[in-house]
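Go by the hints and put chain B onto chain A.
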Amino acid sequence: MGKTVEQRERVVVRFAGDSGDGMQLVGGRFTDATALLGNDLATLPDFPAEIRAPAGTIPGVSAFQIHFASRDILTPGDTPNVLVAMNPAALKANLATLERGATIIANEDAFTRRNLERAGYASNPLEDDALADFRVHRVPMTTLTTRAAEGLEGVGTRDAARAKNLFALGLLSWLYGRPTDGTERWIEAKFARRPAARDANLAAFRAGWSFGETTELLEVQYRVDPATDVAPGTYRQVNGTTATALGLIAASVRSGLPLLLASYPITPASELLHELSRHEGAGVRTVQAEDEIAAVGMALGAAYGGHLGVTATSGPGMDLKAETIGLAAMLELPLVVIDVQRAGPSTGMPTKTEQSDLLMALHGRHGESPLPVLAAATPGDCFETAFEAARLAIEHRTPVILLSDGFLSNSSEPWRIPDATALPAIDPAFATAPSNGTPFLPYARDARGVRPWAPPGTPGLQHRIGGLEKQDGSGAISYDPANHATMTRLRAQRIAAIARELPPLELDADDGAELLVLGWGSSYGAIRAAVRRVRDRGVPVARAHLRHLEPLPPNVGDVLRAFPRVLVPELNTGQLAYLLRARFLVDVRSHAKVSGQPLFAAELETAILEALA
Amino acid sequence: MTALGDALTKADFQSDQETRWCPGCGDYAILSAVQGFLPELGIPPERIVFMTGIGCAGRFAYYMDTYGMHGIHGRAPALATGLATTRADLSIWVVTGDGDALSIGGNHLIHALRRNVPVKILLFNNQIYGLTKGQASPTSERGKITKSTPFGSHDRPFDPLALALGAEATFVARTLDTDRQHLPEVLRAAAAHAGAAFVEIYQNCPVFNDGAFDVLRDRAQGAANRIPLVHGAPIRFGAGLERGVVREADGDLRIVDVADAGEDALLVHDAHREDPSLAFALARLAERPTGPTPIGVFRAVERPLHGAAATRDRERTVADTAALDALLHAGDTWTVA
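Here the protein sequences come in this chain order: A and B.
All residue numbers for the first sequence refer to the numbering used here, where the first residue is 1 and numbers rise by one.
All residue numbers for the second sequence refer to the numbering used here, where the first residue is 1 and numbers rise by one.
This is chain A alone, in the form it adopts within the complex (with noise of 0.2 Å):
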């Protein structure tokens, strides 16, 4: 029977379920499948904390978001076109996300009696008028899972029902007209080991096509042209932590420098602990230390022998690594933090994205102890800031602070692959002895305030450093107060010499533009795309992003005041905004978000239109 195929530009799918029914897996999947069908895309997963929450209730919802389109796309959308509910529970927690006239697939076995009091619904929804304003389709998901799964050898029927995600994945395939050998090929290798599994998962995957493919619940499939307005170039999907992770490694290759990422597990930043450590091997070493101290300290250890050392953390770890950060600062040693933010303050919300962390790394030491701090704005971007921040950390000798966030780490976005020849070298340019028999001086420093670098080995190098104020030039212990004032001042100036090699703040401004919108981080995204449907309206706007927070690039000040207005939306209270206005003094407005969740492009747009009246 033939259905009609309808064009789409772009459309936004959320499947959600108990986490227990591999939302995350499917949504991947499908992710996967989208990308290698040439759609532009990006992903926002949310998950709870809690590994399985009761099951069936609202704490235990997961959900995927993903958005792709024929076109460029900045964000994983604010509204779901397409609800996949897989209980009642998913449907409750997302059905405030949605517009009216969106669409829900919705598994009707799940709703049960029991299921419906768990998610706190006193009637079925599927039967009253509470959906009345959204397109439902009921399908008995997991009976249809199981029926198709009968006959199968060694597959019960709790193994067959437990495939239901798959059927879902199967329906949303065909409805996007997704292509399925990928998907099957990859049943096939995960459950390689495991051939009942196997089995029930291709027949509900199958079964999920056919249904669509032949109910006539659904009428129309939907057709999503790959994108045409990319670059030319080789393509492959990372999230953030792929892509940090290849950015370290890329930094270790280029630096010759052996790679040690030393972590202590926290969500959401043991992901980069767990892909670093699959490379292990030509010269990526990973140890999950006893603690964030640790951790941190085993970093340190690692740079002080001439190695990239790295540690990974969460805002909690943050908190206690500051006084090695601090220690490093003073041995003037190459060190990358790596802060994922999560929502605080405390353990606060651990699965929950916030840029909240900005005056920590900026701030959160004793003393003057001030270093590169540096954000990622794309799931891709994190390559290349990861790179940088290596970088500035080996050839300036200086801990540098990343800031990624949970969102970055756990969303993926079509990434073009860099030429690795064409990646900088980086020189550590470490000391030699001098042939002239001059005394060597740790603490001498080059033109840009660099210190000499002599890991332990160099011969004739022998030297002692450490966390006590240090003589200018010689390094030797000092309580001399006007050397701690010198000392204090190259402390600083050496790090704000930085800014001298750093490109100049990108304008991205319309003739005329009264106001300019400036970001920092993962709201990358959300900003140009609230720019673009301003400017859909025409009205004329400025746009900016910085990815260096300290040193910041020369000619912010300048940027800044070429607007009578000047709105910084973020995922805290203001911490930029507070910053910029302290260091510029320029009336800058803030659009703070602090829900744990990302900034949407929509919300943005009308803050936008408030600052423009």
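Keep in mind the hints are simulated off the structure, nothing from the lab.
Be careful, since some hints might not be right.
To be verified - On the chain B side, residues computed to face chain A include the following (Cβ under 8 Å):
(1) ARG75
(2) ASN107
(3) ASN209
(4) ASP210
(5) GLY211
(6) ASP257
(7) LEU278
(8) VAL336
Since the model is a prediction, treat every value here as computed from it, not as a measurement.
Ideal Cβ placement from N, Cα and C applies to all residues, glycine included.
Chain B in isolation, oriented as in the chain A frame:
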């Protein structure tokens, strides 16, 4: 700089820094012993690293003409683990104190020992906080009156060796700051040990806890109270070796007169026992160094080193650009013309 082939001397390990411990501090004797014994190893000074924490012992690094890092309070074992993990070619020594190692840095100590990181850890135990001017430490005895415990310390002290053995350290030893023969012997054994070596050195603090180890350090009392542990030899002590250690039927250790118990009844010390229980019992033979106290190597066993796989790859060569390129292209890719 020392040319290879030249015999090293003590002077090669003395830095130009003026030592600034209090007059009479036990640290001077330890520093002298370390500088005096290191030439024996034949390791050029540039391949030796001393890493220290905070406290009087922390200054040790500045006085050695090797590579050195004076770190932060309690963290030297973590810093050293990072260095040892990446640089198998170095001889790495951690110098720490009872507060540094057992209080603020306790976690790093037990995990460095658990992992069997190839570092030598010298714990200068003076049973007091010296650099912060006299507070109770985790090895101070119960009832000790200090500035922070004016009515006497309430807390039971740690026995550093029992703690290290509890962490199943592969090398555990104890010696005395002023014993010019025994201290280098123990250092030598620690240096020869492939894995993590833990050495407790009883160290006198003449300002805040003077005389804490007199029963062992004092010439007359020392002979009566030091119980030297020698691998393969019966454990006996005293000026005329008239006393010894036996193991009771219930497994407890007891000090006896050899004349009463008979020589055959004496416990023969076996530092290579896999099971640390007997070494633990020896550590607990003297709860405090106020009477007969064992010194020497309690335990020396072999176990795989931390990062052993990486250690085999001494060069630690990084991937080349072609390998990086392959890594960047791993997985599904697609090309946009």
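Consistency of the hints with the structure:
Because the smallest distance between the Cβ of B/ARG75 and any Cβ of chain A comes to about 5 Å, under 8 Å, the interface hint for this residue holds. The interface hint given for B/ASN107 holds, since its Cβ lies 6 Å from the closest Cβ of chain A, which is under the 8 Å cut-off. About 24 Å separates the beta-carbon of B/ASN209 from the nearest beta-carbon of chain A, more than 8 Å, and the hint is not met. Residue-level restraint check for B/ASP210 is violated (minimum Cβ-Cβ distance to chain A is 27 Å; threshold 8 Å).
Annotation: interface hint on B/GLY211 violated; nearest CB of chain A at approximately 30 Å, more than 8 Å. For B/ASP257, the interface hint is violated, the least distance from its beta-carbon to any beta-carbon of chain A being 46 Å, above 8 Å. Checking B/LEU278 against chain A: minimum C-beta separation of about 28 Å lies over 8 Å; hint violated. Proximity of B/VAL336 to chain A holds as hinted, the smallest CB-CB distance being about 5 Å (cut-off 8 Å).
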